[in-house]
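Chains as they are written, first to last, in numbering that gives the first Met the number 0: chain A, 0 to 920; chain D, 0 to 250; chain L, 0 to 290.
Wrong hints could be hidden among the right ones.
Rough simulated footprint, nothing fancy, chain D against chain A, three-plus residues with beta-carbon under 8 Å [as the list claims (entries may be wrong)]:
hint	region
1	16 to 23
2	98 to 108
3	156 to 163
4	401 to 412
5	544 to 554
Below, in silico cross-link-like pairs of lysine to aspartate or glutamate (EDC-like), each with a Cα-Cα straight-line distance of 20 Å or less [as the list claims (entries may be wrong)]:
hint	chain 1	residue 1	chain 2	residue 2
6	L	Lys201	D	Asp243
7	L	Lys230	L	Asp180
8	A	Lys497	A	Glu460
9	L	Lys129	D	Asp195
10	A	Lys435	A	Asp459
11	L	Lys201	A	Asp807
12	A	Lys901	A	Glu802
13	L	Lys129	D	Glu86
14	D	Lys9	D	Asp239
15	D	Lys214	L	Glu191
16	A	Lys281	D	Asp179
17	L	Lys217	D	Glu199
18	A	Lys623	A	Asp494
19	A	Lys623	A	Glu635
20	A	Lys281	D	Asp69
21	L	Lys201	D	Glu51
22	D	Lys240	A	Asp250
Source of the hints: derived by calculation from the structure; they are not laboratory data. By construction, the Cβ of each residue, glycine as well, lies at the ideal position given by its N, Cα and C atoms.
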Amino acid sequence: MTSPSPDLDLSPTIGDEVRKTTCYMCACRCGINVHLKEGVVKYIEGNRDHPVNQGVLCAKGSAGIKQHTAPSRLRAPMRRVGPRGSNQFVEITWEEALQTAVDWLAPIRREDPKKLAFFTGRDQSQSFTSFWAQNFGTPNYAAHGGFCSVNMAAAGIYTMGGAFWEFGQPDWDRTKMFVLFGVAEDHDSNPIKIGIGKLKARGARVVGVNPIRSGYNAVADDWIGITPGTDGLLILALIHELLKAGRVDFDYLARWTNAPLLLDADGLFLRDDDGKTLVRDKATGDLVPFDQAGVTPDLGAQVTLDGHLHTTAFQAMVERYLDPQYAPEAVADRCGVSADQIKRLAADLAHVAFDQAIEIKQSWTDFRGETHTTMVGRPVSMHAMRGISAHANGFQTARALHILQILLGTVEVPGGFRFKPPYPKPVEAHPAPHCKSEPDCTLNGPHLGFPRGPEDLALDENGNPARIDKAFSWENPMSVHGLMHMVISNAHAGDPYKIDTLFFYMANMAWNSSMNTSAVIEMLTDVDKDTGDYVIPKIIYSDSYSSEMVAYADLILPDTTYLERHDCISLLDRPICEAEAAADAIRWPVVEPDRDVRGFQSTLVDLGTRLSLPGFTNPDGSAKYRDYGDYMVKHERRPGIGPLMGFRGNGDAVGRGAPNPDQLDRYIENGGFFVHHVPQEAQFYKPWNQAYQNWAVDLGLYDNPQPYLFNIYSEHMRRFQRAAEGHGDHQPPDHLRDRLKTVLDPLPFWYEPDGSSDPTEYPIHALTQRPMAMYHSWGSQNAWLRQIHGDNPLYIPQQVWDEHGFQDGDWAEVTSPHGTITVPVALQAALNGQTVWTWNAIGKRKGTWGLDTGAPEATKGFLLNHLIHELLPPKGDGLRWANSDPITGQAAWFDLRVKIEKVAAPLGHASQPQFPTLARS
Amino acid sequence: MTTLPPPSTKKLGLVIDLDTCVGCHACVVACKGWNDQGYGAPLADVDPYGSEPWGTFLNRVHSYEVTPDDGGAAQTVHFPKSCLHCEDAPCVTVCPTGASYKRAEDGIVLVNEDHCIGCGLCAWACPYGAREMDPTAKVMKKCTLCVDRIYNENLPEEDRQPACVRTCPAGARHFGDLGDPESDVSRLVADRGGMDLMPEQGTRPVNQYLPPRLKDQGGGCAPMVPMGDAKPTGFLAWLDKALDAMPGGPS
Amino acid sequence: MHPAPSVILFTTLSGLGFGMLFWLGLGFPSVTGWVAFIFFAIAYLLSVGGLIASTTHLGHPERAWRAFSQWRSSWLSREGCAAVAALLLMALHGAGLVFIGTHWGLAGALGALLSLATVFTTSMIYTQLKSVPRWNQPSTPVLFLSLSLGGGALLTGQIPAAALLLAVAGTTQLWHWHTGDSALASSGTTAETATGLGTIGKVRHMAPPHTGPNYLLKEMVHVVARKHAQKLRVIGFTTMIALPLLLLILFPASHGLAAIAILTHLTGVLTTRWLFFAEAEHVVGIYYGAR
Ligand SMILES: Nc1nc2c(c(=O)[nH]1)N[C@H]1C(S)=C(S)[C@@H](COP(=O)(O)OP(=O)(O)OC[C@H]3O[C@@H](n4cnc5c(=O)[nH]c(N)nc54)[C@H](O)[C@@H]3O)O[C@H]1N2
Ligand SMILES: Nc1nc2c(c(=O)[nH]1)N[C@H]1C(S)=C(S)[C@@H](COP(=O)(O)OP(=O)(O)OC[C@H]3O[C@@H](n4cnc5c(=O)[nH]c(N)nc54)[C@H](O)[C@@H]3O)O[C@H]1N2
Ligand code: SF4
Ligand code: SF4
Ligand code: SF4
Ligand code: SF4
Ligand code: SF4
Ligand SMILES: [Mo]
């Protein structure tokens, strides 16, 4: 007897409705189809029409359903009742919560707005939150970029008017060789995977430069297991090789970069009376403005004026990098990469760029008016992220990398690296920083911007930092994203001044986003002995979940999950464009919250109205916006330009147009997003392409064409460097002079990122990587994801493993100049021999995230953050230098060096240190 | 039924590209999400917020390290694994109830959960660890090849493929008919040297794995020859030489 | 493999029970009436008790009846069929002995054969699994059969037969351990074949797919310390074979010592059965880096 194949229902239905919105299990912002059954979320899949993910979803995205139902979700506004850090709260009404906030904030605004510090973490509404902060009038606003990857953003924009991060992408369809520096995952999670998949399908070559061979680097055809912090050396050696062989794109350099610009005696560019930089025209020999029609800039120009010989930026660069100190042989040992491998890589790059060049039959016209019949492409592309940027030499290393790309002529060309709108956008098209704060007034302009020179620093009349995070001060003059990681310690120290209220949004500052976590916790709970008050008097925090940070706030404004609110993924902010199209998107409440929580942006709108902030109230005092959804539709940044570009005016206008009350409905009908394509002739050479410039103006990205040259030589940096040399009215304090003179070199160079921890005592580099299936701290509350990454070992390379006689299941004590942790270890052979690493942010504090106190994340899991201090150990000069890039203030997470010892497993196999359990609120 | 049907001409299965898989676990969770609400009982999660969370997954991604015999650098290989829908499926023949069966029409190996007694023998018989007894429903769970998607007339045509394939961001998973030598998947297997896992077990898996391409070979270029006397000084001479050497003599 | 008490009890007890039934079916000892009843009761307690124990590891025992359907391909199904047939036939045979004092020779012989077949099918459930090389060897059925027959002989007082069969079982057990210890290695299944990556080089498991446990790990990846296993083998072999054999040879007529022999034998079988499972390496362990 056999039982027959049963009848299967091969065509079951999933739910009764599909609602399309935007994922927010991470900042990649993919489109999702949320399947509902009787109003309950049943299944989430990728939206095939969406420009970001084209239907795919990552592990986190597919686990959204478990985030949305996690027991850790906050339920209602809360007021602290126990001491700070005790996690004792009572739930209160929204009316009480908002009134409390107003009671705290209104007097600050009336008397001294800078006493409010408002900093935001992982949010994607910075154009809105900064607008609110500007209206409030405090200079103390920034998002989290300073501890994230500002080096990448700043170096990109200062060098070529656009950056890696998610602001650009390789030309995945055409590139033949892709070199990836220091990336485990990046913000563009799915697009990078889709792209690598395309390369693999075509059999194109992927080179991974990374101390760790996993993830993207596991599929790389060639792995360069570089020693952390030395990429600058490697890149400059590649440049040396290319220059020595004369294999660089001279035509590209002459036309599109500042290489042919002539330098004056001060190292600034020669300019005409209109302030236009000058080149020598090869045809006529005349000195002419760089953008003059018909000019052929001469890279080798040498012009004597008033007895001074002026040479080009190119000459300065070539002379520097031909120096034998940049020869592969000279850097190989420090990089942990053989000279032969460096030379072959250089040769491969040149070969693919020049001998395998491609061409698209598409004519286009450049900003000098010359029409080109084809688009020539150099099919080498590169991408880099925090492996480059999270070092104290990251800015210069990132600049070096961009210069390598530019020398190969591979930026904004077919097969190369391409910008996504609203980039390209030169420094000159960005605002400078603003910090002028007065009682009862809005700030004098946007907080963050790109300083062009010392005069743009955010300093008060006495030359002291105007901002609580000391961004745009001489300590880190080009800190274009602010320095959120310095806010708590500065506020605690009252340096440069005391503040009253700390307002954080979506940042787990009491745990994984801070260096030196236990000291931060102490600062947050420290009491002033004289007044009996907390040293940081008031803390307001908005989170959606029971994070570690919640326990350290006085007032909690609970946010919804991403399926329950409006959000705006705007061109004014960090949009979701592709190289081929501008795109923006929304989130909307596909389900209503079942708790007493509100979308935080709507809460801010409400607060703005209650505080009568000008941007939020009509002249009669009534509310300008009902809620954030209303703001998304009605707000105009400049006339006709609002948060969303699609369906403006009568519904047909794109980019520019009057607010359209039906806009959100139209977005929803369209799948939650809007795409506007870049015309064919505008697809490449965007910074110099008239068609692109005009398209961008039409769309409202800027108001007139902004063609510009790439900055091989950074005049902006030279201006700061000159000040350090003693020129000009704006002078740095003396103790910073030498450092500024050195690091603000207008041509990239390499310096040892951390000169302070003794390399013989602490010989091993310690890194973290993002797990693809986890997002920082918040994946752990997810029932599915935490089964994948419930704890984290420290991976150790073979040599170190053998040296210490480690075995599976062993534990190690890991010590930095700052602290010690005891953690489980595991072997990884495909790892740079001087490097250990672990997954980022898996370790949790007991009692948080809705997890049992025995959760492996809280017992076995651990953070490296306990080993990292925001200040470097004393060097004996009486100063404490920051553990950050001296140019941008980027937190130097990856400069950590440690020593390792094998130890017995701690009691209960609990990693050390353990913190007291946070009692459940 | 428990005896294997005569070999079908249609052999549906997956082709997994180990040269492309970045180990992101997207397929793992997409599979969980789909099957939690689809075929048969939901997939259990035991102690989901507790000290030992564990549950049923029909697809898991392992990570291995391979050290080449010639002493080259070690390699990391991310390795997804789900049911291979074997042609000689021992998990089917051992089943006492007939709950475990291989479909005659397309070779998909399934469990009829209504008939499964939860004895676990099929999981023992599977050398690949592709079957998991659900701790809550107490029936055997395994990859269904998304049989409730691939023929699903309520899904748009383009979505009639397994959830894990649809979601794989890198495109490392391919679905198709391995019985048809002309199919895309069969061609991929032929071109890239697709392989059986544990061939010595005699299960004749339908799913195929594409091996990683040869690594760490470089792009094949020899180091470049420096131009004569490229020195930091003598910029103009350097430039002249370089420009002369460039084909088409640029500006 | 996870040494689940239910399967250890099942194979041990029902092995002994069907072993007893084998001897009873053939008329050894030739008993009737009350004495027969007691012998049969013990045999049924053991065999049925074992079968019941086995159902406790089923997720859905209420559907167990379905397990009789697949005898054409499934050893587990065959075992169920054989067991039921054996038990039914032996019940008939037993009833004849107990109630009317007749020995229906054919029924008894057939019942004995079916009892033997039951034990054989049980052994084949394990033997057939290529995925568990330690079990997948000819000595497995021999071991099960010799232990069942030897234990049955012991329980039915067939001293010379018991002694002989225990000697055979002991030899087989040593053989089973000997070949078992190298079975995984000689199965040809390695991390290299499991991943297909052997053409590149040596394969090492680096990270598990999930940090948490799963069914496969709980069920199939059980690692016994070698030292521990060695000790248990000595204890198991001594109590299962050496001691009973010694007692049988030295005191062939003592009923009291026979009872002790039975008890030590039972302890021994339970011990070696625990090892039978605990030491068995499922090849899936290779995927998880378990050695
Ligand atoms: N050792 C080490 N430390 C690091 C890094 C590293 O590489 N190594 N990386 C650094 C980097 S680059 C970054 S960006 C930081 C990231 O650090 P954080 O920005 O702090 O990131 P999360 O841990 O994701 O914390 C964000 C908080 O937002 C909350 N949240 C989540 N969703 C919502 C929502 O919808 N609304 C609201 N209101 N809140 C929400 C979460 O519950 C969590 O408390 O970590 C830094 N720390
Ligand atoms: N799944 C997931 N995605 C995320 C996040 C997440 O938490 N989870 N976080 C998001 C955030 S906030 C950010 S900032 C991005 C960051 O994205 P990534 O830049 O990919 O960040 P990390 O994971 O820190 O990876 C840094 C990589 O650099 C390597 N590395 C470290 N030092 C060096 C070095 O000196 N040289 C080289 N060449 N490599 C080095 C490390 O080995 C690691 O692979 O990811 C975003 N995307
Ligand atoms: S990458 Fe993943 S988590 Fe991030 S938005 Fe996309 S699907 Fe969501
Ligand atoms: S989704 Fe694709 S790339 Fe990611 S682990 Fe699965 S097969 Fe690999
Ligand atoms: S992989 Fe395992 S479960 Fe799937 S058909 Fe083969 S033997 Fe059966
Ligand atoms: S667990 Fe279910 S499917 Fe597997 S062998 Fe037993 S009855 Fe058959
Ligand atoms: S085919 Fe379907 S059931 Fe099988 S692994 Fe993929 S998603 Fe899971
Ligand atoms: Mo970040």
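Results for each hint:
| no. | hint | verdict |
| --- | --- | --- |
| 1 | 16 to 23 | violated (count 0) |
| 2 | 98 to 108 | violated (count 0) |
| 3 | 156 to 163 | violated (count 0) |
| 4 | 401 to 412 | violated (count 0) |
| 5 | 544 to 554 | violated (count 0) |
| 6 | L:Lys201 x D:Asp243 | violated, 51 Å |
| 7 | L:Lys230 x L:Asp180 | holds, 15 Å |
| 8 | A:Lys497 x A:Glu460 | holds, 18 Å |
| 9 | L:Lys129 x D:Asp195 | holds, 16 Å |
| 10 | A:Lys435 x A:Asp459 | holds, 8 Å |
| 11 | L:Lys201 x A:Asp807 | holds, 18 Å |
| 12 | A:Lys901 x A:Glu802 | holds, 10 Å |
| 13 | L:Lys129 x D:Glu86 | holds, 16 Å |
| 14 | D:Lys9 x D:Asp239 | violated, 66 Å |
| 15 | D:Lys214 x L:Glu191 | holds, 18 Å |
| 16 | A:Lys281 x D:Asp179 | violated, 64 Å |
| 17 | L:Lys217 x D:Glu199 | violated, 25 Å |
| 18 | A:Lys623 x A:Asp494 | violated, 37 Å |
| 19 | A:Lys623 x A:Glu635 | holds, 12 Å |
| 20 | A:Lys281 x D:Asp69 | violated, 55 Å |
| 21 | L:Lys201 x D:Glu51 | violated, 32 Å |
| 22 | D:Lys240 x A:Asp250 | holds, 15 Å |
In summary, the structure is inconsistent with hints 1, 2, 3, 4, 5, 6, 14, 16, 17, 18, 20, 21 from the numbered list given earlier, while agreeing with the others.
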